[in-house]
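Going down the list, the protein sequences come from chains C and E.
According to UniProt numbering, the stretch in the first sequence is residues 1 to 283, in order.
According to UniProt numbering, the stretch in the second sequence is residues 1 to 350, in order.
In case anyone wonders, no lab produced these hints; they're calculated from the structure.
For every residue, glycine included, the Cβ atom is placed at its ideal position computed from N, Cα and C.
Worth double-checking, as some hints may not be accurate.
Away from chain C, derived, C-beta distances all over 12 Å, residues of chain E [claimed, not checked]:
1. Leu52
2. Thr56
3. Gln82
4. Thr91
5. Glu94
6. Asn95
7. Gln103
8. Asn132
9. Leu156
10. Thr178
11. Asp193
12. Gly216
13. Thr243
14. Gly248
15. Val260
16. Pro294
Only pairs whose alpha carbons sit at most 25 Å apart, straight line, appear in this in silico BS3-like list of lysine-lysine [to be verified]:
17. E/Lys20 <-> C/Lys181
18. E/Lys112 <-> C/Lys178
19. E/Lys112 <-> E/Lys10
20. E/Lys10 <-> E/Lys104
21. C/Lys181 <-> E/Lys133
22. E/Lys10 <-> E/Lys65
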Amino acid sequence: MTQSKPWIPYALILPSVVFLGLLFVVPLVQTLWLAVSDNGTPSLANMTTMVTDLHFGRSVLNTFLLTLAVVPVQIVMALTMGSMVAKMNGGRETILWIWTIPLGISDLAAGMVWLSILQNTGYLNSILFGLGIIERQTAWLTYQTPVALFIGIAIAEIWRGTAIVMIIIVAGLNQVPKEFKEAAEIFGASPWTRFTRITLPLIRPALQSALILRTVLAFEVFAVVYALGGRNFPVLVGEAYNWQNQNQNYGVAAAYAVLIMVISLAATLVYLKAVKVDPERLP
Amino acid sequence: MANIVIDNIKKSFGAFQALKGVSLTINDGEFVSLLGPSGCGKTTLLRIIAGLETSTSGDVRIGEKSVIGLLPKDRGLAMVFQNYAVFPHMTVYENVAFGLRMQKADDARVKKQVEKAAGLLHIEPYLDRYPNKLSGGQRQRVAVARALAVEPGVLLMDEPLSNLDALLRLEMRTELKTVLQEAGTTTIYVTHDQTEAMGLSDRIAVVHDGRIEQVGTPVEVYNNPATRFVGGFIGNPPMNFITMPVTGGQVTAGAQQFAVPAQGGDIVLGLRGETVERAPTGHGLDMHVRVAEPMGSHLLLTGSILGQPARVILPATETVKNGETVGLTLDPRRLTWLSPESGVSYPAAA
Ligand SMILES: Nc1ncnc2c1ncn2[C@@H]1O[C@H](COP(=O)(O)OP(=O)(O)O)[C@@H](O)[C@H]1O
Ligand SMILES: [Mg+2]
Numbered sequence: 001m002t003q004s005k006p007w008i009p010y011a012l013i014l015p016s017v018v019f020l021g022l023l024f025v026v027p028l029v030q031t032l033w034l035a036v037s038d039n040g041t042p043s044l045a046n047m048t049t050m051v052t053d054l055h056f057g058r059s060v061l062n063t064f065l066l067t068l069a070v071v072p073v074q075i076v077m078a079l080t081m082g083s084m085v086a087k088m089n090g091g092r093e094t095i096l097w098i099w100t101i102p103l104g105i106s107d108l109a110a111g112m113v114w115l116s117i118l119q120n121t122g123y124l125n126s127i128l129f130g131l132g133i134i135e136r137q138t139a140w141l142t143y144q145t146p147v148a149l150f151i152g153i154a155i156a157e158i159w160r161g162t163a164i165v166m167i168i169i170v171a172g173l174n175q176v177p178k179e180f181k182e183a184a185e186i187f188g189a190s191p192w193t194r195f196t197r198i199t200l201p202l203i204r205p206a207l208q209s210a211l212i213l214r215t216v217l218a219f220e221v222f223a224v225v226y227a228l229g230g231r232n233f234p235v236l237v238g239e240a241y242n243w244q245n246q247n248q249n250y251g252v253a254a255a256y257a258v259l260i261m262v263i264s265l266a267a268t269l270v271y272l273k274a275v276k277v278d279p280e281r282l283p
Numbered sequence: 001m002a003n004i005v006i007d008n009i010k011k012s013f014g015a016f017q018a019l020k021g022v023s024l025t026i027n028d029g030e031f032v033s034l035l036g037p038s039g040c041g042k043t044t045l046l047r048i049i050a051g052l053e054t055s056t057s058g059d060v061r062i063g064e065k066s067v068i069g070l071l072p073k074d075r076g077l078a079m080v081f082q083n084y085a086v087f088p089h090m091t092v093y094e095n096v097a098f099g100l101r102m103q104k105a106d107d108a109r110v111k112k113q114v115e116k117a118a119g120l121l122h123i124e125p126y127l128d129r130y131p132n133k134l135s136g137g138q139r140q141r142v143a144v145a146r147a148l149a150v151e152p153g154v155l156l157m158d159e160p161l162s163n164l165d166a167l168l169r170l171e172m173r174t175e176l177k178t179v180l181q182e183a184g185t186t187t188i189y190v191t192h193d194q195t196e197a198m199g200l201s202d203r204i205a206v207v208h209d210g211r212i213e214q215v216g217t218p219v220e221v222y223n224n225p226a227t228r229f230v231g232g233f234i235g236n237p238p239m240n241f242i243t244m245p246v247t248g249g250q251v252t253a254g255a256q257q258f259a260v261p262a263q264g265g266d267i268v269l270g271l272r273g274e275t276v277e278r279a280p281t282g283h284g285l286d287m288h289v290r291v292a293e294p295m296g297s298h299l300l301l302t303g304s305i306l307g308q309p310a311r312v313i314l315p316a317t318e319t320v321k322n323g324e325t326v327g328l329t330l331d332p333r334r335l336t337w338l339s340p341e342s343g344v345s346y347p348a349a350a
């Protein structure tokens with residue numbers, strides 16, 4: 001390694017820093033200002049409008065409920081799927097490839113896929129009708145069927161977003177040398193004990209990343225909800241979208257954006273504390 | 001308490017035969033090394049004994065009971081892995097206690113056993129630490145302590161010292177020997193390092209290409225290698241192999257004559273480098289010395305005998321120049337004779 005040109009690393013990093021600065025920090029500051037100002041003077045008017053809006057409470061509740069329903073299921077599924085492929089000898093790549101197909105589909109397209117299944121004339125009704133379980137077309141996605149709507153959206157989100165969690169978890173599982181599990185086996189640990197006492201603690205870093213990433217994405221849920229429920233199921237990003245495009249009120253939209261960011265940051269902090277990764281206890 | 005019978009174990013990975021029929025009996029309390037070059041099937045055999053791998057055919061009996069089909073934990077054994085496999089997220093104490101915890105031992109027994117094992121391996125000062133902060137040698141001790149804490153009938157070790165530097169390896173070797181002698185555990189020790197196997201073992205099983213080539217005490221396999229492979233693998237420098245003509249059941253080396261177990265044709269002389277003595281040229285075998293290396297404790301000569309490559313050792317007091325030809329006297333009691341075709345040695349009595 002030569003030390004003669006210490007500026008080289010900085011020069012190489014500079015473009016990405018400039019790029020991020022222009023496209024992330026500047027809009028961020030602008031949005032923050034937009035949210036807490038009114039006609040160029042500091043004001044909490046946008047915040048007040050947001051909080052007193054009819055849809056505000058429900059959109060917060062829906063977003064949290066959806067996150068609470070989707071993220072744990074996805075983590076458990078990803079762990080199960082990851083552990084299953086880890087046991088396979090041949091065909092691992094093929095299975096992983098199939099499982100990650102939803103990743104290649106945009107979230108709006110994913111919403112459309114599930115709309116075609118769950119709408120009145122969709123596949124689900126056809127099948128149920130064909131089996132004689134229902135007599136006529138049943139609506140699943142209206143404001144009169146909130147539970148069905150919620151379940152439909154949750155299933156679509158799980159279908160769409162589990163792969164990314166699984167990829168992170170599979171990467172984490174691959175990092176755990178098989179000797180750890182074998183040693184545990186020799187000393188009498190059952191498969192379940194090996195999983196809980198050896199594997200899980202050793203994939204903490206991956207688990208933490210997956211939880212943070214997936215939770216932040218869950219708070220940003222929009223397109224799937226929009227495709228399936230429209231405004232029947234208000235969520236935070238959906239409200240921001242409405243204030244921006246329908247009401248042309250950028251200030252309130254910015255207030256929503258800031259709220260989402262604060263929630264995401266808070267969730268991240270909670271995970272960093274709760275799923276602590278102690279470098280001293282890693283391989 | 002636990003003798004081990006390995007009965008004609010075969011193992012194939014697809015079309016590749018890793019073990020081609022291995023049989024070995026290990027007595028209770030005995031320390032047996034599986035010694036062989038990398039890829040010869042040592043780890044595979046050990047994993048089959050442990051139950052981490054299934055054999056294609058054959059039987060393993062521990063304490064007279066067949067363990068084929070039993071889970072590793074029901075075989076009454078413990079294992080030390082090559083990379084230690086000490087759990088990084090548990091303290092040293094919990095690592096050593098792991099096997100006992102799995103057996104649902106009460107805290108008093110756990111404490112007693114952990115302290116005993118930790119004492120044997122001198123790791124008491126680290127019991128509260130995490131393995132990450134320990135050196136390779138200390139982790140190695142933790143791995144051994146974890147295995148001994150459950151007081152296993154059988155201890156399996158897979159190249160436990162190979163990740164340590166040379167000095168530490170020597171130190172740990174001596175210590176392992178002391179500790180295991182004290183524990184009296186039947187031990188199978190896998191290594192590719194012949195000095196390790198020689199120093200530690202009651203008996204050595206030399207593994208080559210999926211087969212056991214010879215089983216014997218360190219002195220037996222060193223002095224009377226069953227095959228050319230064993231002679232070449234054990235000893236540093238390895239045994240010299242010199243093909244010589246036989247006339248009338250005799251081999252002539254200068255003024256020395258030896259009766260050999262063949263009538264005519266060729267025979268291979270297996271010659272340990274340190275069994276020769278310096279003599280005037282023409283007395284025994286003459287060696288053309290290409291390089292003479294004074295090693296301090298001895299003088300190592302590399303060159304050729306009868307045009308065939310050879311390495312011999314003379315006392316440090318001798319002086320030999322590069323390019324010189326020296327005469328060597330052979331000790332008839334310390335020669336091995338091998339068939340040039342099969343590479344198998346003739347019985348030592350000949
Ligand atoms: N799971 C496996 N699949 C295919 N081949 C294997 C497997 N395990 C070991 N082998 C092969 O079996 C042979 C013996 O391996 P191993 O027992 O690990 O050798 P050693 O421990 O003596 O170095 C090697 O050629 C190795 O490549
Ligand atoms: Mg090996």
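The hints, checked one at a time:
no., hint, in the structure
1, Leu52, "violated, 5 Å"
2, Thr56, "holds, 16 Å"
3, Gln82, "violated, 8 Å"
4, Thr91, "violated, 9 Å"
5, Glu94, "violated, 10 Å"
6, Asn95, "violated, 10 Å"
7, Gln103, "violated, 6 Å"
8, Asn132, "violated, 5 Å"
9, Leu156, "violated, 8 Å"
10, Thr178, "holds, 24 Å"
11, Asp193, "holds, 20 Å"
12, Gly216, "holds, 29 Å"
13, Thr243, "holds, 45 Å"
14, Gly248, "holds, 59 Å"
15, Val260, "holds, 50 Å"
16, Pro294, "holds, 40 Å"
17, E/Lys20 <-> C/Lys181, "violated, 28 Å"
18, E/Lys112 <-> C/Lys178, "violated, 30 Å"
19, E/Lys112 <-> E/Lys10, "violated, 41 Å"
20, E/Lys10 <-> E/Lys104, "violated, 36 Å"
21, C/Lys181 <-> E/Lys133, "holds, 21 Å"
22, E/Lys10 <-> E/Lys65, "holds, 19 Å"
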